[in-house]
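Asks: So the chains spell out like this:
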Amino acid sequence: MAAGHVRLENIGKRYGELWAVRHIDLEIATGEFYTLLGPSGCGKTTLLRTIAGFVAPDEGAVFLDGQSVNRLPPWKRNLGMVFQNYALWPHMTVFENVAFGLKERKVPRREIEPRVLQALEQVGLKGTERRRPSQLSGGQQQRVALARTLVIQPRVLLLDEPLSNLDAKLRQEMRLELLTLQRDIGLTTIYVTHDQEEALALSTRIAVMNLGKIIQEGKPREIYESPGDRFVAAFVGKSNFFSGTIIRSLDGHLEIQTEEGFMIKAASPPGYKSAGDARKVLFYVRPEAIDLVEPASQPPNVNQITGRVAASAYQGSLVEYEIESAGRIIRANDTNPKGKPLFQRGDEATITFAPEDVGIVSE
Amino acid sequence: MAKTETVPVFVPGIGVDWRQAAIVTILLGLLAVFIVLPIARVLWVSLSDGEGGVTLVHFANFFRRPLFRESLWNSLVAGVLVVFFGSLIAVPLAYLSVRYDFKGKILVNTLATLPLVIPPFVGAVALQLILGRSGAVNLLLMRWFDTSIPFMEGLTGVVLVQTLHFFPFIMLNTAVSLSNIDPSLEEVAQNMGSHGLRLFRRITLPLMLPGFIAGCLLTFIRAVDDLGTPLMLNYKNLLAPQAYLRITTIGIDDVDGYVICVILVVISLGSLVLARKYLSLSEYATVHQGAAVARPVAGMKRVAILSFCALVLGVSLLPHIGIVILSFAKVWSFSLLPTAYTLDNFTEILFRAPHFVKNTLLYTGIAAAVDVFLGAIIAFLLIRSRIWGRNLLDAIATLPIAIPGVVLAVGYLRVFHGWDFPGLGAPLTSTWIILVVAYTVRRLPYTVRASYAALQQVHVSLEESAQNLGANRLRTFVKITLPLISGGLVAGGLIAFMTNCVELSSTIMLVPRIESGPISYGIYLYMQSPLGRAAGAALGVVAIVLVSVGTYLTYRVFGGRTGSAFRL
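Protein sequences appear in the order of chains V and G.
Here the first sequence is numbered in this note's numbering, starting from 22 and rising by one per residue.
Here the second sequence is numbered in this note's numbering, starting from 84 and rising by one per residue.
Just so you know, the hints here were simulated from the structure itself, not pulled from any lab data.
All values reported here derive from a predicted model rather than from experimental measurement.
Virtual Cβ for every residue (Gly too), placed ideally from N, Cα, C.
Zero decoy hints are in this set.
Output of the computed footprint for chain G on chain V, the stretches with three or more beta carbons under 8 Å from beta carbons of chain G:
hint, segment
1, 83 to 96
2, 110 to 117
3, 120 to 128
Sequences are here, hints too, so could you generate the full structure?
Replies: And the structure:
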């Protein structure tokens, strides 16, 4: 088995009466960028710290490269962890910070310097060796923390919300750098975040977590395009949810009447069996799948709802609309609005979307 | 004439705020008269050749006298030894109490601060009854092994008493530093392969050094400054008692006394500067992300920890035990325990000579109130204004930390003796007011620090939003700032109050008449005669009760951060 393989078997950790995580099984192959995505308190950090060895699981086992490491203390696991606050030692220079792990590994003195310098160069921080962490900007501290971890050539890289303390622009830059770096080195990476965009952009696979459980696991496109339930559909991206009743199913399409009285045509999910109609369903439509048109421009057609614009926010690359109809708010994003007329608050507008953009999450 | 309307313009950061300037001027004037002037006079006398010139001949004379050389050496050695032995007790206790969770931990934490509530000179007397030449322990040793150990003789006794009294300073400061270390700093080191003693040496120790050094410094300065302990143990070859003896027996004009004072100040200031320099070099902004989780301990490990604590704290509580027993004793000499018990001692000090307790409450009460008032103003100017002179104000107000009580007292005697103070019609030193002044000045640094720390927590936007909603500056201060910092103010005041309750080194020189003396002076007087010892112990018990109540209230107000009030 190649180095950098991680397997969790039925992991459970309890704080008092409360299970922070429970019944967690997952397997991460060498070289993967695996993200634990979920809201705060969902147990993702607990899980990461369990792998690192800072949390002893009450149930189950952690396997690294096929070996159970439950009894192995953190300092013997050879995993590189980057903390949310970077945790740079303030009493050491940048060089000493990065050299620390090498010294702990009794790497010969003459090898330490070139390796530290190379690691710093790798993260674009050449020339900062003599500085103290407090003299660096947030982004630079982040890079030192990364260099300090990479230099020891860990089996697995563990990242605990490493970008959350950076400002928006820097975060985007670092995201791309991290992506390139990880793909270049091919280091198995486990990434914890609550930022769905980050997760989608970086990961080879994502596990969406909530309330101590993994709700759905899959590639970024699977997670976004076919969320398994309402939580995933709402947490990863934005969604307009409707509940309704299936009126009938016809050659690959379903006709659904929502509680508000809208008639919706939806593409049948793959493997759908018409097990009797009149069943309750929950479905969603992504805001970016919805188009806005002038109310009079077309006769009422399939998947068209007319309403009044309740809010309109122009953001350059897109316009966010909120349309009120039959007592509820529907969000619609008009992407690439350049040159198009904009709807204003109070205008009448009709929204329209394709049957393929209707996602059914539970029945 | 056209009606002109004057619109008050408030331009922050530009021009001088005249009200603040006036306050700064008044404060600087006060501090100059009561802090700078006395010290300057002491320095001047030690350097003056009597004809307006400057000479170092007095210092040369000091170093020519073997007694003075020995005293200087002894003072330094005693200070270092107290810090050393104090650290041996304090650092393990601090580490255990911050990093481990075990049954009985609260008890350990409480007991470890108890030495602070007993004045060291009171503890000295009590320890002599237990460990002294004819104390309980040596009596037993004589009876069983026909031998004795001179615990309390000479320098050993001074170091022993001071170690047991001062180690909590090191412990409290170290514990604060330890608990401020972000747990992830250690976790990441573990993640890198470090653990155990190596982890402690390379990460934990350097990160807790600021607090540890601050504690050591405070201990060192206090130990060198301590006059009561050597006097009580009748060991006079130290700088503080030498200064005291020169001035009180030979006279106010004896130059040697002043030279010793200057050397005392140089030692304190020097160590303060050294420590500051080190601290500023290693000023770590340890982000505090939730307290480090204390590891639960049970079984044999817990037994080991508790045994260590019990041993250390048992010894450090001996003075308390001794003093309580003595206060109820009718006769206690050359016996394990008193041979007869009585309540007479308390009747004596509470009814026959109640002025000691009354005076202490009066003086320390006034001094604490003034300290809180001044401390709040100075802290406010330091944090919220950009006015010129505020840093000077801070420097002078903090200076008393490094000025031994003896030195301040000598300075006061020199400056105010024979000068009819304006509005008083008599020299300041002939009334009890001089004691209040000395107490106020000596503890001002504490209230400045406490207010400063409290005010730092109040973000300026809290005040700005009040002003934005229409409150003027005074109303903002009263309605927003004051309530938010009141905890810090009260805590600072309580600390000033309780440390002044047991102040002896300047008291002993400044008390104008016996009936104006406070508790500490009363204890000193009673302890002079074997017959009065028990009454002195009863006064000591009163002092302990006062300080305990103060400590308890401080904990209630300040919570776990009480240690930070004893910081630099």
